[in-house]
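Number of protein chains: 8
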Amino acid sequence: MEPGDLRELLEQVQAGNLGLDAALSRLGNPPAVDLGFAHVDLHRRERCGFPEVIFCEGKTCEWILSVVRQLVEAGQDCLATRVSAEQAESLAASFPHGRQDRVARTFWLPAKESGPPVGQVVVITAGTSDLPVAKEAVVTAQALGCGSELIADVGVAGIHRLLRHRTRFAGADAIVVVAGMDGALPSVVGGLVDCPVIAVPTSIGYGAAFGGLAPLLTMLNSCAANVVVVNIDSGFKGGYVAALIARRAHKQI
Amino acid sequence: MEPGDLRELLEQVQAGNLGLDAALSRLGNPPAVDLGFAHVDLHRRERCGFPEVIFCEGKTCEWILSVVRQLVEAGQDCLATRVSAEQAESLAASFPHGRQDRVARTFWLPAKESGPPVGQVVVITAGTSDLPVAKEAVVTAQALGCGSELIADVGVAGIHRLLRHRTRFAGADAIVVVAGMDGALPSVVGGLVDCPVIAVPTSIGYGAAFGGLAPLLTMLNSCAANVVVVNIDSGFKGGYVAALIARRAHKQI
Amino acid sequence: MEPGDLRELLEQVQAGNLGLDAALSRLGNPPAVDLGFAHVDLHRRERCGFPEVIFCEGKTCEWILSVVRQLVEAGQDCLATRVSAEQAESLAASFPHGRQDRVARTFWLPAKESGPPVGQVVVITAGTSDLPVAKEAVVTAQALGCGSELIADVGVAGIHRLLRHRTRFAGADAIVVVAGMDGALPSVVGGLVDCPVIAVPTSIGYGAAFGGLAPLLTMLNSCAANVVVVNIDSGFKGGYVAALIARRAHKQI
Amino acid sequence: MEPGDLRELLEQVQAGNLGLDAALSRLGNPPAVDLGFAHVDLHRRERCGFPEVIFCEGKTCEWILSVVRQLVEAGQDCLATRVSAEQAESLAASFPHGRQDRVARTFWLPAKESGPPVGQVVVITAGTSDLPVAKEAVVTAQALGCGSELIADVGVAGIHRLLRHRTRFAGADAIVVVAGMDGALPSVVGGLVDCPVIAVPTSIGYGAAFGGLAPLLTMLNSCAANVVVVNIDSGFKGGYVAALIARRAHKQI
Amino acid sequence: MEPGDLRELLEQVQAGNLGLDAALSRLGNPPAVDLGFAHVDLHRRERCGFPEVIFCEGKTCEWILSVVRQLVEAGQDCLATRVSAEQAESLAASFPHGRQDRVARTFWLPAKESGPPVGQVVVITAGTSDLPVAKEAVVTAQALGCGSELIADVGVAGIHRLLRHRTRFAGADAIVVVAGMDGALPSVVGGLVDCPVIAVPTSIGYGAAFGGLAPLLTMLNSCAANVVVVNIDSGFKGGYVAALIARRAHKQI
Amino acid sequence: MEPGDLRELLEQVQAGNLGLDAALSRLGNPPAVDLGFAHVDLHRRERCGFPEVIFCEGKTCEWILSVVRQLVEAGQDCLATRVSAEQAESLAASFPHGRQDRVARTFWLPAKESGPPVGQVVVITAGTSDLPVAKEAVVTAQALGCGSELIADVGVAGIHRLLRHRTRFAGADAIVVVAGMDGALPSVVGGLVDCPVIAVPTSIGYGAAFGGLAPLLTMLNSCAANVVVVNIDSGFKGGYVAALIARRAHKQI
Amino acid sequence: MEPGDLRELLEQVQAGNLGLDAALSRLGNPPAVDLGFAHVDLHRRERCGFPEVIFCEGKTCEWILSVVRQLVEAGQDCLATRVSAEQAESLAASFPHGRQDRVARTFWLPAKESGPPVGQVVVITAGTSDLPVAKEAVVTAQALGCGSELIADVGVAGIHRLLRHRTRFAGADAIVVVAGMDGALPSVVGGLVDCPVIAVPTSIGYGAAFGGLAPLLTMLNSCAANVVVVNIDSGFKGGYVAALIARRAHKQI
Amino acid sequence: MEPGDLRELLEQVQAGNLGLDAALSRLGNPPAVDLGFAHVDLHRRERCGFPEVIFCEGKTCEWILSVVRQLVEAGQDCLATRVSAEQAESLAASFPHGRQDRVARTFWLPAKESGPPVGQVVVITAGTSDLPVAKEAVVTAQALGCGSELIADVGVAGIHRLLRHRTRFAGADAIVVVAGMDGALPSVVGGLVDCPVIAVPTSIGYGAAFGGLAPLLTMLNSCAANVVVVNIDSGFKGGYVAALIARRAHKQI
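Protein chains in written order, with our numbering: chain A, 912 to 1164; chain B, 912 to 1164; chain C, 912 to 1164; chain D, 912 to 1164; chain E, 912 to 1164; chain F, 912 to 1164; chain G, 912 to 1164; chain H, 912 to 1164.
If you're looking for bench data, these hints aren't it; they were derived computationally from the structure.
Mixed in with the good hints there might be a few duds.
In silico PhoX-like links for lysine-lysine, alpha-carbon gap of 25 Å or less [as the list claims (entries may be wrong)]:
id: 1; chain 1: A; residue 1: Lys-1162; chain 2: A; residue 2: Lys-1023
id: 2; chain 1: A; residue 1: Lys-1162; chain 2: B; residue 2: Lys-1162
id: 3; chain 1: E; residue 1: Lys-1162; chain 2: G; residue 2: Lys-1162
id: 4; chain 1: D; residue 1: Lys-1023; chain 2: D; residue 2: Lys-1162
id: 5; chain 1: F; residue 1: Lys-1162; chain 2: F; residue 2: Lys-1023
id: 6; chain 1: H; residue 1: Lys-1162; chain 2: H; residue 2: Lys-1023
id: 7; chain 1: G; residue 1: Lys-1162; chain 2: G; residue 2: Lys-1023
id: 8; chain 1: E; residue 1: Lys-1162; chain 2: E; residue 2: Lys-1023
id: 9; chain 1: F; residue 1: Lys-1162; chain 2: H; residue 2: Lys-1162
id: 10; chain 1: C; residue 1: Lys-1162; chain 2: C; residue 2: Lys-1023
id: 11; chain 1: B; residue 1: Lys-1023; chain 2: B; residue 2: Lys-1162
id: 12; chain 1: D; residue 1: Lys-1162; chain 2: C; residue 2: Lys-1162
Each pair of labels, with its calculated beta carbon distance range [stated by the list, open to error]:
id: 13; chain 1: B; residue 1: Ala-1022; chain 2: G; residue 2: Glu-968; range: 39 to 47 Å
id: 14; chain 1: C; residue 1: Arg-918; chain 2: H; residue 2: Pro-941; range: 16 to 24 Å
id: 15; chain 1: D; residue 1: Ala-985; chain 2: B; residue 2: Gly-986; range: 50 to 58 Å
Backbone N, C-alpha and C define an ideal beta-carbon position, used for all residues, glycine too.
Can you make the complete structure from the sequences, with help from the hints?
Here it is in structure tokens:
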């Protein structure tokens, strides 16, 4: 709360125009639910524009169900990522209306029907094996309300495969490029467009790829000025930030 | 050129409505000037929304002057980064109207007066030593036509220093967070806002910072979903992508 | 044995006031039991204030049982960590009174009932997945006789979740902060308190977390002066050192 | 401010017993001074028990002098580390009463005469070349008000050199062990005492020491349970945390 | 298409000597088939002298079969590498004439009978465990139409084993040397011959071999000037480039 | 063959005193058997003082049996290391007289009964988990004909455990020290003796031990001048070199 | 010498048709000159097709001059690389006819005039800063007798710059691609041609380029099958192997 | 002191046959001199067979002189390594009889004339640039009383250079092999001899040698069983351990 607002609030209290409980509520901490093993951040939607997302790796089905329930009860959208087969089954049993994508390993339970998509995110992969990460990006961008399109397997060793789709991606608000091995694709895409490119390195490849380290370094050193990078295999972050950019480009000001 | 456009062009040629030179020019390669030691990409402004930027490290003054001249003659804006003292002097002698920032190590020679700033980029640093990198981001964002603001030395070890400036940065279109050492600041900022945060690790620090590797890894693993990362010390890229986002948010559609 | 004490002892021997066996015993090596595959250090309690702790990974059930028996016979407390399911079963069969914590993977067999807790250790985690490591810290601190409290899932991406618990941890004698991914939480906690903070990086996370390397480096580079670091996933060491600090703060002098 | 306190404050405002300015001051942000290039955290002494410490590397003399002046004007102690020869000269000119240690590269300007030392910190080095880092630890511990003692060059290759000083360090409240190369000394010391050992790896050594990485890893993997680690060459942190422990052990409760 | 050719084409169109469809086809993109999950590059054979090769790791049997079918229908040779047992079975069911090598994990389905081998590639291994990688090189070189020979287990610890085969490899057009552990063999071979040596590090070995990093670095630093390196375990690339060199040495000019 | 010897041989040929076959045999290559998948170096015993040793990882039972048979037929000792359970069974079936050690994972089939041991090798471990590696060293040293002794679990955190065994190891010809985690033991042992110490890092430990990298670096940086290092987990090399030293110390000159 | 040849030689000796000195000379070691600090390998030209090349870093001018003289006296070509300014001056004084290239840092002293160039090597750089490494490749390829061409600064961020030169490089016998930063160019070039591509990573770039590690990994993981890699900044090796390939492609068979 | 001896000593004290001072001296700590900045270990010669060696890097001339004086006064040999030009001058002024080797950077001041050399150490280098490290090994081996020989620049790229010297090194008691770049030489030498080979990696080389990391890993993974490794550039340790082995091989038993 800003100093000016604070003074005004105190003046209202002093003047008897504002009750103590109302004042306390406005001064109070943002809401969070303590489940013992987790603090569900019910204020994140307001602060960050999207509710807390559940990263499922290393969590029990019970823990995950509890958090989903908190979000549902609070009337918020619920997105879960890295959902294992067992977790998916558990979620399906309790929330049959949730939408599951087994390639993307996601679970998506919107609070209400979404409106028409806002803005356009394009997701491009260098190879076929990058598809699971790319689909996680697609699902996430859609959950944030954006339109999205997927162009798969257009790596730089056959550059004409990419160039023929140029009109499909040149008009995007943001592009997510998913690549393993040499990770060269984001630099080429970045040099063809005027929007931000979010590069997602994948752990695909062998030998000196070192679990994604090679494409990660490639992308960080991209000679194209509009390329930014997220964690290895983090299709979620790629889709999330691309959607933030696209939504902002089309919001009313 | 798209298939449909191509057919139309050929029809015009066939019909005698378009001369060979005009047709060739429309079919031709985008412009680039071969200086022997460099190919100046005069088409980048059209493709990417900003002309080629000159990275000055490891280049002779003569090389740099030649490239600047090509851009100037083409009527394009010229931004140079990592300008050494000697290079700065050489540039000042030839282009006295260029604006130099000795902390940011930049040279900026706009083709014409810029209009009013579009969108707002906020640059935040964790420490005082991060200032040169942060200023490079500020200069770059301004060169791309955005408004920008700098909040310095508000690292997480005194979290109230950051929180008191919340209204200054919560409304930004994009935020650049520059931090060395533990690189923890972008995660905290990311959790407070609904716009993308571009994290720039710096090589500031000693020992196990390993030349910026520590904050780089921290930022890639940020638990905030809206944080993306660029290369160590790359204030330029941070400011560049933030400005792309901000411009897009305020463009006419 | 100090030079002064040594002279005194020899004088007593010379004077016939001290028998040879008694003298030898006082000069002799501290006790240790050689089991062939292990040397149980029965003197560690005296030297270090706590008996030898058994790290169970890579050991057979027989080896572990033998060492536990040595400690029990010597009337010493027995703490075992990284206890597998099979080892837990084996220990339960032989020592049914031992207390097992399956999340913490610990086995705790005190020599006698502990007195009231001395000092206060608070254990804080950034995420839910950090719980096993955090619980190992809690069990260890309690085994050393300290009071302990656990605050889970208050990572920096929702900083208000941490701040609302400030009074619970600001009065601690020592704080253990357990975090994976970006490992940013110890720096924030460190800047809010006047006691030492022991940071424990976890191997939670994926991609560029590199098995805990990322939070390890973050914590080593913490901009808060009161943060020290232990090995990845070493909840044991975190709880151990925190308890040493807390016990010392409340001992009679 | 806690919920209970907040309600009480509002009641006083409501009742007219507390003026608006006083209420605002009690609700307000902790003090920090914005110098443009730095935010001096004048509240850190209250929160953390010691004022902000100035890390001088990569800062201009002017920046450093400004911050020192802020602390002096606020009546707070001032400690600066990593002071270069040029910075030392500049500080000496403005603050002739400051105490400089050229081996430790420190500047120390207490707000008032310190009282008798509280608690005992022992600093031990493995080699002669570790002295600058060790002295930084000594100066820091003294600045925090502790007694301190230095035992130099007692590395494990001649273990009797360490053992003969056992009585000098076995009674310490906390021990700082500074070592490069193999970094083996903290494990040996840790096994001989019942207080925490803060291990400081140094960048001394050559070849496969890799700038301190080797002793850093050694210390993180120490088989002694009471060993914690700080950044490479960070004598400051070693002395700081050791002093926190020692002060706490002797404070009135 | 070159500027000269382009002008000529347009002149033909202008003169009515070339129809629009024919012109468009000559101007058009090279062929590629979009399967949704993959873009099969049917133009690679023309550009690069060999069709697209299918890397099977991380792909479903269905995906692989679809791509194989595309190549077969286009009348192109088909080579697949890293074929798992399950994938091999699936391929055998659909393409019983394909040749499978279970040690090399390859599937080879030539479009037509190959002619006599052109040029000579020798594959040498340091140890017995390097055989799978070496055989992948042999199969690849043969698929490109070259003669090939395998000399196994002649590592440098018994240098006479290599020297006795000198006449077998000294006349080769290119040599592939496959080695794990110390990776020293390529340097020795390189110093004995006048043709290029393609070094393939393997992940064989333990401890400080770090999954092939050790031999990779050895080979990159080879003191023999004619040694080049490919990815860890990449027998495919080793055989491919060796065959390119051998074919070129014997082509008609 | 030396120039002088060569001239003498040729003189004998010229003089008709040496037949062509005999001359060729003396000039010829040392013996090696080419099995297609392996070249068994039957000359190594003569050159290096011990026959080729079989490293079994990644090899089929058939390959191993073939090589063992070659050695047996040549009347040479046969030592195999890293023998899996399946390989052990296969070897036992064919060579029931071979001695297997399941902890050390070795197979030892001497050509004839060994004589009395020559020289003394002591193997020391820091922890109980280091035993498999240590036993590999013991078996190897014995295979080379040396006496050997094992002292287990005397790591530096309880230094008295080591010191009490000083007379057992101070008289050794060479000492093998096996340690994981901090790897500090070789430095301490090295400082107590006048013989070479061969340090063997193990992959025991967790977190920042990074699969043995931590103790490897520690040992390479040992401050004791008589410490040399072999590969991670390579008990074989440790025992081998220690035995070479011990044999040489007791050979007749 | 092969067994058959050896028998024939001995028969001639036996028959008195070959003198001892002649026989010894044919059996003898290949020539090498021992200078105490160096063994000049005068046989390398015969074995490997090119004389020993002098790597000048870390050598005194005297050492270098001595080796050059040995080569000149033996009538062999002499190429020196990494020639410092001081070394260049020293070489110029003694061998004024040598050709020096100050950008490439090379010294080239052919034994006789070279004939017309054989084969064609193209050297391509991603950036202007890669020129010194690229020129070393050009000089080396020419020293081996090949034609060569340099195309500079055509990195992938402006892909049309590369594509417009396609006819200049598509017909080469081998291509050397020199790139720092993201190192993406070799993959793109590799996908456009049917000859081997030798990728040379450079240490150009900053931050996460880590002295050339980033482009090195990129290139090792190239998705183009015809890309091989040499050491960081090793323009020499790039040019050397490219020339070996080109020479072989045009030699008479 | 052993238990038996201790009892005997106490009996003598009890019986009055041994005075207190004599008893204390025999029970006392080994001698060490505390200079404040250093503890000179005057007992090391007795324990380890050679006095403490002074590593001069990072030490002042005064510190070094003081330690040298202590050793001289105690009648012990004095060896100093890594002596800078300034330190060399300072040592020459105070100890004009000391022998300095400027290539090896050593200072050697024997307490008395050495006798005839015992045993034979051979030092072999791969390249000319490895000479300084090799000479440090030679000087050290000689200081320990061994004969030594140097064979320079016989790297594996011209294997005949090494093989022609086989008789010079095959009879050695221990061989030190010094190599940078690919570090392949120790494996080849190891396969030719029956004595231990101590491999010393050097930081010579560029690019992916990473300051000696490449040859270090090569050597640790050597396929020859008799190769052990010391720190990068540590000619001292190489020569030291080789001399220990050689001395032991020729000592009277």
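How the hints compare with the structure:
1. A:Lys-1162 x A:Lys-1023: This hinted pair holds, its Cα atoms lying about 20 Å apart.
2. A:Lys-1162 x B:Lys-1162: holds (11 Å)
3. E:Lys-1162 x G:Lys-1162: Between E:Lys-1162 and G:Lys-1162 the Cα gap is close to 11 Å, so the pair holds against 25 Å.
4. D:Lys-1023 x D:Lys-1162: holds (20 Å)
5. F:Lys-1162 x F:Lys-1023: The hint holds at about 20 Å.
6. H:Lys-1162 x H:Lys-1023: holds (20 Å)
7. G:Lys-1162 x G:Lys-1023: holds (20 Å)
8. E:Lys-1162 x E:Lys-1023: Since the Cα atoms of E:Lys-1162 and E:Lys-1023 sit roughly 20 Å apart, the hinted pair holds (cutoff 25 Å).
9. F:Lys-1162 x H:Lys-1162: Roughly 11 Å separates the two Cα atoms, so the pair holds.
10. C:Lys-1162 x C:Lys-1023: holds (20 Å)
11. B:Lys-1023 x B:Lys-1162: Satisfied, since the Cα-Cα distance of roughly 20 Å is no more than 25 Å.
12. D:Lys-1162 x C:Lys-1162: holds (11 Å)
13. B:Ala-1022 x G:Glu-968: 39 to 47 Å: The hint (39 to 47 Å, Cβ to Cβ) holds, given that B:Ala-1022 and G:Glu-968 are roughly 45 Å apart.
14. C:Arg-918 x H:Pro-941: 16 to 24 Å: holds (18 Å)
15. D:Ala-985 x B:Gly-986: 50 to 58 Å: 55 Å Cβ-Cβ, so the 50 to 58 Å window holds.
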